[in-house]
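Here's the letter readout for the chains.
Protein chains: 2
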Amino acid sequence: MKNLQVAFQGEPGAYSELAAFDYYGDQIKTIPCETFEDVFAAVSEENGKTIYGLLPIENSLAGSIHRNYDLMLRHELHIIGEFHLRVSHCLMVLPGVKLKEIERIHSHPQALAQCEANLDRLGVQRVAEADTAGSARLVREWDDRKAAALASRRAADVYDLEILADHMEDNPANYTRFLALACNPLSVDSPEDGDFKTSIVFSLHNQPGALFKALSVFALRDIDLTKIESRPIPGQLWEYMFYIDFAGHYQAKAGSRAVSNLKEFAPFLRTLGSYPRHHLKSVYADTT
Amino acid sequence: MKNLQVAFQGEPGAYSELAAFDYYGDQIKTIPCETFEDVFAAVSEENGKTIYGLLPIENSLAGSIHRNYDLMLRHELHIIGEFHLRVSHCLMVLPGVKLKEIERIHSHPQALAQCEANLDRLGVQRVAEADTAGSARLVREWDDRKAAALASRRAADVYDLEILADHMEDNPANYTRFLALACNPLSVDSPEDGDFKTSIVFSLHNQPGALFKALSVFALRDIDLTKIESRPIPGQLWEYMFYIDFAGHYQAKAGSRAVSNLKEFAPFLRTLGSYPRHHLKSVYADTT
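First to last, the protein sequences are chains R and V. Take the first sequence: its letter number 120 is residue 121 in the working numbering, and every next letter is one higher. Take the second sequence: its letter number 31 is residue 32 in the working numbering, and every next letter is one higher.
Next up, chain R with everything else stripped away, as it sits in the complex (with noise of 0.2 Å):
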């Protein structure tokens, strides 16, 4: 994995980059970018130099991140993983610094609201900044002992921060999934044996029962599904395009059977990935 580049959203420190270090191992160098566009427009291959991506797709609290199935959608890349983040929001301060001295704890207002109760019994300010990682950075630049930040453990490594406290959030089942992206579809060899999902993509005919149909060529080859998101087709009023994760590959015989099965009624399909699946257990296992 050496010389591996992996393109992220955000700044150095954030959640997402400390999912890409997880993920592909400590020795790839990350591309922070503004927007999740600019992940898409990251990702390439050229003269065997690769660029890879990393980008959340669902937070276990927050919900889908819709945005990204729309890009998903608008680019012609490929899913070759997927990870899950537990999200602990770790509160960061000035190496030296005493709890007592804080008095203003900056951070995205999500991470805040997360952290709710924890922060009443601290009872000190709280300032909504515009990303997590982003406070951390504002806690070193302004060099202020009266100020904390809320954000990673890779945040305060980046900013050179000390951790007075971890998993600040009130609720522990906080992860977020991540997928990673690349040109070219993951290619394995026995699509029949490993432990495997698919994510697809495709519309349905406005037609009453047509996603019965749809999930009835999953559940008549005993395909489990894992997850279905619906977003709408921008300038087809109410109309919608249905995303959904199931279990296996897209190259072994039940999975294969029931795209093709669905593609003979839906009027648009596309494959997005086969993947190794990262089991939640396991998640559990490691973090906590």
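One thing to keep in mind: the hints can contain errors.
Which copy is meant is left open, so a pair is good if it fits within one copy or across any two.
Derived EDC-like pairs (lysine to aspartate or glutamate); straight-line CA-CA distance at most 20 Å [unchecked claim]: (1) Lys214 <-> Asp246; (2) Lys101 <-> Asp144; (3) Lys147 <-> Glu47; (4) Lys50 <-> Glu117; (5) Lys50 <-> Asp246; (6) Lys228 <-> Asp71; (7) Lys147 <-> Asp167; (8) Lys214 <-> Asp225.
Keep in mind the hints are simulated off the structure, nothing from the lab.
Given chain R, work out where chain V should sit, using these hints.
Same frame as chain R, now just chain V:
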């Protein structure tokens, strides 16, 4: 409809207020609320005084307003109606100001984005504000002849501004679907005959084919589904609440049997309401 009070989220002149007048009639008194939560809290019935609510649930370009799905589950209100508002962004200025005098256009970032091509042609600076109606208010407060706002025609009335152009949006298929909320369900004489829509929310056991089974209770009775949406259940990793809208009344034969059938295996199910269907054809006819 005299003395009828309707709570909406936003400032006077917001699209939600425009929709409230279009849906409930000109005689209502509107109650501006800062947050969606506040709208839910305002809807009540006391001493013969009824407060209704009107809430955006989905935009045809941007998708569902997921927070309102979550709030619907948390509050014991009933859906008594639906309304589709054609979103027309109007360019408004102080009375007498000419197009060529404008140097800056203020609005919510989403409105600015939806009018991108038209704004490009004008070639003036765009300034992001907290909301559309607030931008109109600012233009009035500043008394600035170089500033314009993109907002609803209602906002022009409220802040006494002049509309230089309407339908500034690039994509004309820009509709927002609103739900009318009340403390009590809508009672109807003949649920079997009318043209109704029903909204329900339910959970499912995390088993292969569970959603397929759920949809089959509708498909096997030829009941048309008009919308499906899933939202994470906080604290239960990657488990979902499903929101379904189907054609017909929950007290009509087919609908009530389908719901009973679904209850046989759904651990949780709530009927959010049955209400007269607002057809898109009439929306098109009304406003284009």
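* List of violated hint numbers, smallest to largest -> 3, 4, 5
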